[in-house]
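Colleague: Chain by chain, the residues run as shown.
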Amino acid sequence: MSEATQKYYVPHGSHWPIVGSISLFLMAFGAGTWLNGGTLGKFMTIAGVGGILWMIFGWFGQVIGESLQGKFGEKEDGSFRMGMIWFIMSEVMFFAAFFGALFYARQLVVPWLGGEGNNFFTNLLLWTGYEAEWPTNGPGNLGGDFQTMGPTGLPLINTMLLLASSVTITIAHHALLRNDRRWLKLGLFMTFALGFIFLYFQVMEYAHAYHDLNLTMASGIYGSTFYLLTGFHGVHVTLGSIMLVVIWIRSLKGHFSPENHFGFEAVAWYWHFVDVVWLGLYIFVYIL
Amino acid sequence: MTTHAADHDHHDDHGPVKGWRRWVYATNHKDIGTMYLVFALSMFFVGGAMAFVVRAELFQPGQQFVDPGFFNQMTTMHALFMIFGGVMPAFVGLANWMIPLQVGAPDMALPRMNNWSFWILPFAFTMLFSTLFMAGGAPASGWTMYPPLVLQTGNAFPFLILSVHLMGISSIMGSINVIVTIMNMRAPGMTLLKMPLFTWTWLITAYLLILAMPVLAGAVTMLLTDHYAATSFFNAGGGGDPVMFQHIFWFFGHPEVYIMILPAFGVVSEVIPTFARKKLFGYSAMVYATASIAFLSFIVWAHHMFTVGMPLSGGLFFMFATMMIAVPTGVKVFNWVATMWRGSMTFETPMLFAVAFVFLFTIGGFSGLMLAIVPADLQYHDTYFVVAHFHYVLVPGAVFGIFAAVYYWLPKWSGNLYDEKLGKIHFWMSAIFVNVTFFPQHFLGLAGMPRRIPDYATQFTDFNMISSIGAFFFGTSQLLLVYIVIKCVRGGEKASSRVWEGSHGLEWTLPSPAPYHSFETPPSID
Chain H
1 MSEATQKYYV
11 PHGSHWPIVG
21 SISLFLMAFG
31 AGTWLNGGTL
41 GKFMTIAGVG
51 GILWMIFGWF
61 GQVIGESLQG
71 KFGEKEDGSF
81 RMGMIWFIMS
91 EVMFFAAFFG
101 ALFYARQLVV
111 PWLGGEGNNF
121 FTNLLLWTGY
131 EAEWPTNGPG
141 NLGGDFQTMG
151 PTGLPLINTM
161 LLLASSVTIT
171 IAHHALLRND
181 RRWLKLGLFM
191 TFALGFIFLY
201 FQVMEYAHAY
211 HDLNLTMASG
221 IYGSTFYLLT
231 GFHGVHVTLG
241 SIMLVVIWIR
251 SLKGHFSPEN
261 HFGFEAVAWY
271 WHFVDVVWLG
281 LYIFVYIL
Chain W
1001 MTTHAADHDH
1011 HDDHGPVKGW
1021 RRWVYATNHK
1031 DIGTMYLVFA
1041 LSMFFVGGAM
1051 AFVVRAELFQ
1061 PGQQFVDPGF
1071 FNQMTTMHAL
1081 FMIFGGVMPA
1091 FVGLANWMIP
1101 LQVGAPDMAL
1111 PRMNNWSFWI
1121 LPFAFTMLFS
1131 TLFMAGGAPA
1141 SGWTMYPPLV
1151 LQTGNAFPFL
1161 ILSVHLMGIS
1171 SIMGSINVIV
1181 TIMNMRAPGM
1191 TLLKMPLFTW
1201 TWLITAYLLI
1211 LAMPVLAGAV
1221 TMLLTDHYAA
1231 TSFFNAGGGG
1241 DPVMFQHIFW
1251 FFGHPEVYIM
1261 ILPAFGVVSE
1271 VIPTFARKKL
1281 FGYSAMVYAT
1291 ASIAFLSFIV
1301 WAHHMFTVGM
1311 PLSGGLFFMF
1321 ATMMIAVPTG
1331 VKVFNWVATM
1341 WRGSMTFETP
1351 MLFAVAFVFL
1361 FTIGGFSGLM
1371 LAIVPADLQY
1381 HDTYFVVAHF
1391 HYVLVPGAVF
1401 GIFAAVYYWL
1411 PKWSGNLYDE
1421 KLGKIHFWMS
1431 AIFVNVTFFP
1441 QHFLGLAGMP
1451 RRIPDYATQF
1461 TDFNMISSIG
1471 AFFFGTSQLL
1481 LVYIVIKCVR
1491 GGEKASSRVW
1501 EGSHGLEWTL
1511 PSPAPYHSFE
1521 TPPSID
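Protein sequences, first through last, are from chains H and W. For the first sequence, the working numbering gives the first residue as 1, with consecutive numbering after it. For the second sequence, the working numbering gives the first residue as 1001, with consecutive numbering after it.
Rather than coming from a laboratory, the hints here were simulated on the basis of the structure. Among these hints, one or two may not hold up.
Claimed, not checked - Straight-line C-alpha distance at most 30 Å; calculated DSSO-like pairs for lysine-lysine: (1) Lys7/H with Lys1194/W; (2) Lys1424/W with Lys1487/W; (3) Lys1279/W with Lys7/H; (4) Lys71/H with Lys1487/W; (5) Lys253/H with Lys42/H; (6) Lys75/H with Lys1194/W; (7) Lys7/H with Lys75/H; (8) Lys7/H with Lys253/H; (9) Lys185/H with Lys75/H.
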């Protein structure tokens, strides 16, 4: 850390970005081909995902190596921090699009289909007899009658799990700050364990919704918003849990010090973000 | 790579590595900036070729060269290539080159991610271009991708969505890099309100990108699941609404408009003081005006969709909010003019483009004000008047801003002065023919010619012919820019470090060409 504070560390050429670009291309082109029914698409996508994983291992491994060699000073640390904050901000806006769709559909579209405002004739002529209500699968009753997941039961348990995981990661953080390695490792372990239990319950919840409640992606606007919001959240929990496993392994190896632990903090921020999104989901999707 | 660890201190003074690795593994902001600019230029020509097809077809009424389906593919792809492949990467290229030089930083803050932001783009556009050869052809729904029309795209559909995702990833990473560089890498003493305006406008643009691009990602993801996973976001039968797509899209789309123009504002605010040999009039007012425009850009989106049948209160709100943007924009135009007032002006090529920008962008701004008025827009909507409006803000606006920047900084990049005479010819060709192309489109629109239509009633013929002739000359004269740039890079009169008599700012304290590594130790700011 000491001598690097003089000069900002600008790495010399790196091959990881181009690996990432080619892999993203394979993923996207493969997925497109796959969706069109092409046979090669699946293999291209898998190759692309493999390439991305290879890039992540290689690139992050290299950065961790540089960090351990003391190439990063305060400035570099600041860049990483700000970068992570704005990355999370972009994720917030991604979720905002889906929350926006939920609010717009619920507050405006469904009442309009029911004839509110100047839409009397829309209702009378196009969707005769449709009564605006929430939840709904629309005037076409798409996907057939369905029931919703109540706010109690699995979703409540999941809320508790994520809230608890926020506590455990804070325990780990405080332990790290006072250099208590035992509680650091334990706290991280508990956090990703809670994350994986959350995911297990979410899979159970989806299975229950599909088999017992007939609540599917095809269940009109309710099913669409429900599955895309909870689904993208689930993807983020998965990513966050994997990140937690990585920093847990790193802390087992003796990485991170009370002064220098950006990797830990980045994951912690990400995890809190995932947590807050869930609270929004729990309130707007399950309770209200 | 980690093997370089031991000797990294000795590498720093070296020039670039030889061969393809310099470009493919690049981490140097100047190399990456150059790649962005070259990429953007080539996309301008691809998108320009598509515009040629459109203008050739519209030269006369009736069906001339292409079938209507292909015509629609051309208008759609022209927009996607020009917006995401041309204007945006060109500005990111300028940001890469100039922001570290303007704030006294050794490089962009996250050099490897910088490389990734760039190298996603050639792949994304290869993918988008390949849709031209697919069953059902390229996307033909317009770049706005409105459902349900876009859902009728053939095999190109998932490729369209996924290439938009890739472009979004690239822009988000690029803008994170810009923000971090500006907020974290400024030389000591370079306070925020000492930053050059190009850096300022890019900082605000980067915030817009981070807030807007993910929303586009969300919108196109909903299209994808509506198509393949039976969701009903945009299907009224399921309780969704196609109009909802327009709301989400334009929540991205309107900030996107400012993403394409704010950096041009920055360029013009650098060029005019240099050639008027006066300090920029109202520096801090410019900064606050830019920030106000950025804020307002998030609350005006529905003015793109006044005709969809929104509640009266919605129409009124979006009309007044839109007209409010004229206030900070007026502040900017006033300040540019006030900067020139009683300046000792000379008209080198960058200044010519900047002055033309002030005039012609303002015309685009005024037609925007006309379009903001709800009852008037009900007449203008989806006519050529709209086409004329946004081409006035994009071509003599954004693109002239890019031209001004290229001529302004080219001596700093290459170390040589460009051919001033040819530059002036390029300017006059561009400035005359851009007006020949787009000004008649105002009349066509007011007379009722709809946009995105391959055929038209015979009374529109004359103005369409004029417009097409202007387009061919405008497009062809851009080859001159390529020639000028190549000639300048290859040699010519050596540029001094100051280059322009009236230039101010850190980048002009460096020798021309700017050394491969600059400001490794922060400069002092007076």
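Colleague: Does each hint fit the structure? Answer for all of them.
Modeller: Hint-by-hint comparison with the structure:
1. Simply put, lysine 7/H and lysine 1194/W have alpha-carbon atoms about 23 Å apart, close enough for the 30 Å limit, and the pair holds.
2. For a cut-off of 30 Å, the pair hint linking lysine 1424/W to lysine 1487/W stands: about 15 Å separates their Cα positions.
3. For the hint linking lysine 1279/W to lysine 7/H, the alpha-carbon distance of about 33 Å lies beyond 30 Å, and the restraint is violated.
4. This hinted pair does not check out: lysine 71/H and lysine 1487/W have alpha carbons roughly 41 Å apart, beyond 30 Å.
5. A threshold of 30 Å between alpha carbons decides the hint, and for lysine 253/H with lysine 42/H the separation of about 37 Å lies outside it, so the pair is violated.
6. A distance of roughly 21 Å separates the Cα atoms of lysine 75/H and lysine 1194/W; the hinted pair therefore holds under the 30 Å criterion.
7. For the hint linking lysine 7/H to lysine 75/H, the alpha-carbon distance of about 9 Å falls within 30 Å, and the restraint holds.
8. A distance of roughly 29 Å separates the Cα atoms of lysine 7/H and lysine 253/H; the hinted pair therefore holds under the 30 Å criterion.
9. For the suggested pair lysine 185/H and lysine 75/H, the alpha carbons sit about 28 Å apart, so the restraint of at most 30 Å is met.
The structure does not agree with the numbered hints 3, 4, 5 stated previously, though it agrees with the rest.
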